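Undergrad: What follows is each chain in one-letter form.
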Amino acid sequence: GENVEQHPSTLSVQEGDSAVIKCTYSDSASNYFPWYKQELGKRPQLIIDIRSNVGEKKDQRIAVTLNKTAKHFSLHITETQPEDSAVYFCAARDTGGFKTIFGAGTRLFVKA
Amino acid sequence: GAVVSQHPSWVICKSGTSVKIECRSLDFQATTMFWYRQFPKQSLMLMATSNEGSKATYEQGVEKDKFLINHASLTLSTLTVTSAHPEDSSFYICSAGPGQSGTGELFFGEGSRLTVL
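First to last, the sequence lines map onto chains A and B. The letter at position 33 of the first sequence is residue 33 when you use this note's numbering, and the numbering goes up by one with no holes. Start counting at 1 in the second sequence, then tack on 1000, and there's your number in this note's numbering.
I should point out that these hints are in silico values taken from the structure, not numbers from a laboratory. All the given hints hold, so there is nothing to weed out.
List of simulated lysine-lysine pairs, DSSO-like, C-alpha gap at most 30 Å:
#1 K1041/B - K58/A
#2 K1020/B - K37/A
#3 K1066/B - K42/A
#4 K99/A - K1064/B
#5 K1041/B - K111/A
#6 K1055/B - K99/A
#7 K22/A - K57/A
#8 K99/A - K1066/B
#9 K37/A - K1041/B
#10 K1020/B - K42/A
#11 K1041/B - K22/A
#12 K1041/B - K71/A
#13 K42/A - K1064/B
#14 K1014/B - K42/A
#15 K42/A - K1041/B
#16 K99/A - K1020/B
#17 K58/A - K111/A
Bear in mind that the values here come from a model prediction, so they are computed numbers and not experimental data.
The shape of chain B in the complex, shown without the other chains (with noise of 0.2 Å):
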């Protein structure tokens, strides 16, 4: 099947500080990417849909303005926590899927577990 790769697989951060995660389709090209979000025991919630070359599209109730998408090229798709606190430890998961739209599995990043202390 398709790799995705995720980057860094873990993160501590102190409060107030930015991180970033990337995402990368390593043997295909992702004209759109997905980012996930995990609470522990929970399960995954959209975050956002990201499109190559253009703004990505947030799902209901997540600031655009702290979760900062970028997906430059086809077979990168990066995750800004901007000033992160203590509620926004969390996994951070990016998936991908090639193949037309409708159709194709999606194939998961391995995890992105960020701590903000």
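If we strip away everything but chain A, and leave its shape as in the complex, we get (with noise of 0.2 Å):
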């Protein structure tokens, strides 16, 4: 089945910086990439998504990349604030129906 890895499993970057969290699949089938943003307690939301006919994606501050050959997939946050401080999941959807199979998380600090 599929698995996923995700790194770093904790990051802190001061207000302004970037943040880059990578992962890594290993089902050549999985053929879409969502990532989730959790806040303490609460159910995850969905920040952003790529599918494996796109190489890369933004939606203002947020980014995702992929490679495909490699099975990497990247989130890169811009221009940080502290409301982005969460947990975010990286994780991998296989072709044969919805099963998603989540990353570790990232907790990312942003320090004012």
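Grab the two chains, each in its own frame, and use the hints to assemble them into the complex.
TA: The structure is reproduced here in structure tokens:
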């Protein structure tokens, strides 16, 4: 089955700096890669996603890149703000259904 | 986006009792729902895939007799933790997605925090 690895587990940045979180996946059949933000005690919220036929996608301060050959995908947050502090999860979905496997998560701290 | 509602949001029970958690898709029909479990400061671990009108598919290591899943309609799936023990205390989250398989995002319920005393 699919296995998703995520790094780093914790990331601390200064307000205004950029943050990068990296993930790898194992199943070459996976074709959908969402990123979720989860605040303490709340449900995960989708912040951006990318499909396997696209190499990069951007939405304001957030961008995601995908390298299908290497099975790598990354989240980039620019001009970070304190409210970006949360846990971020990458995920991969297989082509057979909605079954979505999550990475271990990255706890992002943005210091004011 | 689509709305998924989960109830109860938190529950405390005594060891040995059973607890039922409901997951509803409010504005779409969900043929498939997913149940995840999340321990503090850990990731979401997929427990099972709930299929409307048929038996759930459980992930390896998840006891199907302990975590009973029923998906009787296109808008409701339930997870029953039977004979709960303190180690079952966790955050349980359901998710569902409209549209064809392989497309569309997943929408999560609010989560249910179970504490077993």
